[in-house]
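Based on these hints, arrange chains Z and X on the given structure of chain U.
Chains as they are written, first to last, in the numbering used here: chain U, 1 to 814; chain Z, 1 to 267; chain X, 1 to 319.
Bear in mind the hints are in silico, worked out from the structure with no lab data behind them. All residues carry an ideal CB built from backbone N, CA and C; glycine is no exception. Don't take every hint at face value.
Derived pair list, reagent style DSSO-like, types lysine-lysine, alpha-carbon separation capped at 27 Å [what the hints assert, rightly or not]:
id	chain 1	residue 1	chain 2	residue 2
1	U	K278	Z	K32
2	Z	K203	U	K273
3	X	K191	Z	K173
To spell it out: a stretch of chain U is covered by chain Z in this simulated footprint if at least three of its residues, at any positions, have a beta carbon under 8 Å from a beta carbon of chain Z; those stretches are [to be verified]:
id	region
4	286–296
5	303–317
If you only want the chain Z side, here are some residues facing chain U, beta carbon under 8 Å, derived [said to hold, decoys possible]:
id	residue
6	D12
7	P16
8	E18
9	D30
10	R67
11	R73
12	Y191
Residue strings, one per chain:
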Amino acid sequence: MTTSFPTQAQVVIIGGGIVGCSTAYHLTKAGYKDVLLLERKELGSGTTFAAAGLLAQLRQNQEMTNLAKYATELYATLGEETGVNTGFVRTGAIGVCQSEDRRLEWLRGAAMAKAFGIDMHEISLKEAEDMVPGMSTQGLKAAFYLPNDGQVDPIGATQALAKGARNGGATIIENCKVLDIITKDGEVKGVKTEKGEVACEILVTCAGMWSRNIGKKVNVSLPLHAAEHLHAITVPIEGLKKHFPTVRDFDGETYFKEESGGILLGGFEKVAKPWGMKGIPDNWKFTELPEDWDLLEPFMDCGFDRFPALEEAQIRHLQISAESFTPDNAFMIGEVPHVKNMFVGCGMNSVGIAGSAGVGRALSQWIAQGYPEEQLWPVDVRRWFPWQKNSRYLRDRVVESVGILYEHHYPNRQRETARPVICSPVHDRLKANGAAFSMIAGWERADFFAPEGEEAVHKYDWRSPNWLPYQKEEHLAVRNGVGMYDLTSMGKFMVQGRDAEAVLQNLCTNQIGGAIGSVAYTPVVNERGGFETDITVTKVDEETFFIVTAAGTPIRDLDYIKRRTPKDAICTIIDVTHGYSMLAIMGPKSRDLMADLTDADLSNEAFPFSTAQEIDLAYTRCIAVRMSYVGELGWELYIPTNHTLAAFDTIMEAGKKHGLKLVGMQAVNSLRLETGYRHWESDITPDDTPYEAGLGFGVKLDKGDFIGKEALMTQKKKGLTRKIAMFTLEDPDIMLYGNEPIYRDGEYNGIATSGGYGFEVGAAVAMGYLKNPEGVTKEWIQAGKYEIMVEGKLRAAKLHLSSPYDPKNQRTKM
Amino acid sequence: MNIIVLMKQVPDTEAPVEIAASKDRLDDEDIKWAINPYDEFALEEALLIKEAGDDVTVTVITVGPDRVSEAIRVAYAMGVDNAIHINDEYDDEAYGAADAYTTAKIIAKVLEDTPHDLIIAGNRAVDDDNYQVPAFIAKQCNLPMIALVTKQTIEGSEITCEQSIDGGTAVVKASLPAIITANKGLNEPRYPAFRAIMKAKKKKVDERELDEIGFDPETLGAAGAKVKIRSLEFPPERAEGKRIEGSSPAEKAAELVKLLREEANVI
Amino acid sequence: MAKDVMIVTEIWNDAFRKISLEALSEGRRLADELGSSLTAVVLGDAVEAHAKTLAEYGADTILMAQDPGLKTFRPCEYENVVAGIIGDQAPGIVIFGATRQGRELSACVAARLNAGLAVECTGFALEEERLVATRFMYGGKVIATVDIDGDIQMASIRPNVFEVTKADGAGKLESVAVDLGEVNVTLIEEKIEMSAKAELTEADYIVSGGRGMESDDFSVLEELADVLGGAVGASRNAVDLGWRPQSDQVGQTGKVVSPKLYIACGISGAMQHVAGMSTSNVIVAINNDPDALIFRAADYCIVDDLFEVVPAITAELKK
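Pulled out of the complex, with its shape left as it was, chain U reads as follows (with noise of 0.2 Å):
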């Protein structure tokens, strides 16, 4: 039907796809009415209309969780808003566990969905039975039960969506390809399409398995990829009920919900097949791919455990159809590095309908007040780097990231596809070494030392992992002797010029302006006092700061830094990540071992903690840094990348006599959790505060201006009310890993942000934040009893005010 081309609008949509509705539909909630969604051919006709209309709740964090809550509030009621029907039941679900491991996962899973607010618990395997007539139990040892679950029909709730986007004044255009995005100096300008060109202000790209190439055209890395992706419906079966709860078994990779009377039955290829190599058809359009029996058939025999009726049941319907997923399996969503205005809501990795209604509010709140409500940093599209946009990555990615969905979520757990990607200069030494390696930002990081004759790979388990032994023996070293870690991965960069350090101290809250080779740990915080970022700052000279930043998040801290450079300052910033090596000496003995490597006096009158100098070290100089992330006194030295081999060989035959062990991450994870070392992502987080973080000594209210210095002052003279707090547990043989529930005098009050174990203190170690809304005062907090749900019992834990282990924190400055 004929409807007149736009020039322009306030905000461009990509992507009629429920994603781009959701938003669309959020957007006018929040007030835009100029807003036109561009469907390269018909609302859902990409992937959406393929989903089994799944609306599962608990995802693999809290993040992703809130997201997915949120589609079952909102689908509830949309049909009832727009008149149109979303065919959403709230059927519940039910989840069975094939082994005891499996349920000790779930368990701990029903623990963190109480966190997040969300009902799931253990029933019978009886009640499950009477709850889905016709699914046997045989072989099962438990089932957990979600009764808020839910199902929608995707089209349905896609077009209600669209009409709910209409109604708020949306224009929704479809059979009109994007062919580029136009942008001037970093900023998004409009877009060409096949009907003309249309100017905005803001660009969201919600193209589903498209965006990798839309993100291309500006050269923003959107990596995913797609892979085939199967249901089969059977015709109607006798017995079953109507909306039955949506069953899941895990070890089965497949899950079964009622479907016209009969069963659709989906699964997550464990080897997943990729797809769109050569790029996605042009007439893609509820496309489904060639009928592929043998892709099915690995779900068959868990088919026929579960549901018996399944063995005659005949199959209406085999669906193939492709799905993106990104290297992570995790959305992307927020607003993207480097081009200004154009957001991006992408990668639901198979669960975008649940996904949808939550990435669309979140995707709207951004647009209008510059970041979402809650903070997302595990689905930001900053998380990404360059080179992830690869195809060959993405492509031996994807065969993995299908299964990962429904495997076994182990603490730890390691990709195996698609490495090695970056390999420090030493990978081939610590590999002789016996180490086992994990992966972060495409970083191969030895994760811990098997010991010889020990295989050097990781055996997953919740209660004891092969690694503890060996993690446990590098945390001893570090805090008894001498250790060595290679973090070649932090990220790195310069910040050079005549302004570099006013910029810096407007971003900083710490004092970074002090004398030549200071160095101070600061947070970088936002407008709200919450952590956009650490980072450690060296002085190098009065125009050359040197920083150091997480291996996860140089992209999102370069754009962070990059966007509030004031444009004509005097002050570029380069990411030198690639340009330094990292080696870390650790521990009481390290002053002994480093006086073998170097004649530089190390002091604590020449060389005093929190400063840094260019030292001579083996046959190179490098800059070492009176740092440390592990609590005991040592070094990081930042080697120039090419020279580290050699120094590495020097380093390790000096250490022969100091007793020098090679320490993983693992346990410089430990160590650094013993001694209360806060970690960005997990324990600090743009939602949190320095205050309430307790790192209130990296705040210099007193220093001048800087960002987010006025929310601070005014937390600070109102009181807290949270505040991050240790623990450790009473029974030694327990562990944490994190996001179990912490309780206060039998209630719930927060979940642990980091859990790990203290090997020097002997007992498992988590922090979390503490809230009561009258505030939270040491006298509050030191009030209260203390215990940690894990495995659904309330274990009792310490409270620590501090630190477990060197509260004063006068370990690294012996």
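Okay, now just chains Z and X, sitting in the frame of chain U:
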């Protein structure tokens, strides 16, 4: 009794299609394929005869490239006993598109040494819409043909069929062996069951290459076809439609009639 | 000298089918271009009264095959007779109408004569005196240009595509000797309802109903079809639900139609349905779902309740 079902794999009717660079055929890749819907009636009818009678063997014959194995798997899962797959997959671009004539020639040749009392085919394939293969086979094998059958009964060596004809139906009979073509209404085809699909994977398919059955591929495909596709193109796209507004159904109706008379000139 | 063009005509309900006249008109055009003559073949019991009218459509020669055994379409008998005529006359081009009868007859004759047959053509061209045809494939999703091999080029045409044009032909009537030949299928009984109503594929106006009809009561559509002098069609959904006979089904797995006007009522617009009617001259869609896919195929769209709109159209037309 030996029943032969002629089966063709065709693009799913809801599948969008893409024309290959050579222009004389479709781009095979990423098309969802399905058993020709009329062949499903044929399959079902054969299976119903088998289930009602003693000693009935159902053999499916299909001509097509490697991908046809998915359709064969479904046929096995539905319940056929044997499958003969004449693989016409040739890398040679010059091979080109077969037509009804070359396809029928291949099948007729296979039928020479395949026992057959009754051949059931779909009345047409919904891809090339040729309506010709059964007629060619009937001629080449000298069999009576009954087209557009909606009901059949076999007594002794005679088959009696109801067939759709203009304005109604006819009842006709012929001696076996015969070939009949299935029309919609003949039956309600079954779907393959889960277990059967799994078992079907293990069934052996009688795979035959064109040269094995005595054909020079050069005489088939486009070279042997009597109707040769010169080029394929998409029909011109229709202009976007006009939405007729009005405050009441009557007003809309009046506006429509006006437009049909004055703008479209069709009434 | 170029070979003749032959049209195999079809009589239905005591008159030539429109498609036969369409074929003749196109045959005349081809014969003129070739500089050859146009022959019409008429089969039936007693057809002379009809046959002579074909001169008005350009037939130079009208061959009548008359025999009680040819009163209605019998595939074997017809095939034997037509194959015999073609053998005797040796035309270069033989064209049928792609009707129920034409499709089967043309296929049998082509098989018998080992001739190439292009089915349901929508256009013809001549290149070096050889026929080149265009025809739809894949349910109307693709148009193919095809060459037809052999001394006898056979084709059938899709109804309602070619114009009927009057032309003066010599109109020489000739009776041919009929030999019904060998027959291997025996007719037991025939149930035929001759109706004045247009056959779906030949109708100029089609009013079709889908799932939106809600029941087998298609009376509002029938009334509109009557006023228009057209026929009623149905979507696959409506047929599968048992509301309409299979012979009414429009679509890739039903009939492919190209009327002057196609009115789709309560039809969602699945690809396979659209494939069967997309070549209609004008398409009207009536559906109360503004997002129905059918609107994308339509020239005129009415978003409203069909049970109110359709009677209103009927009333408007009666005015």
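* Can you give the numbers of the hints that this structure goes against, from lowest to highest? -> When the structure is compared with the hints, none of them turns out to be violated.
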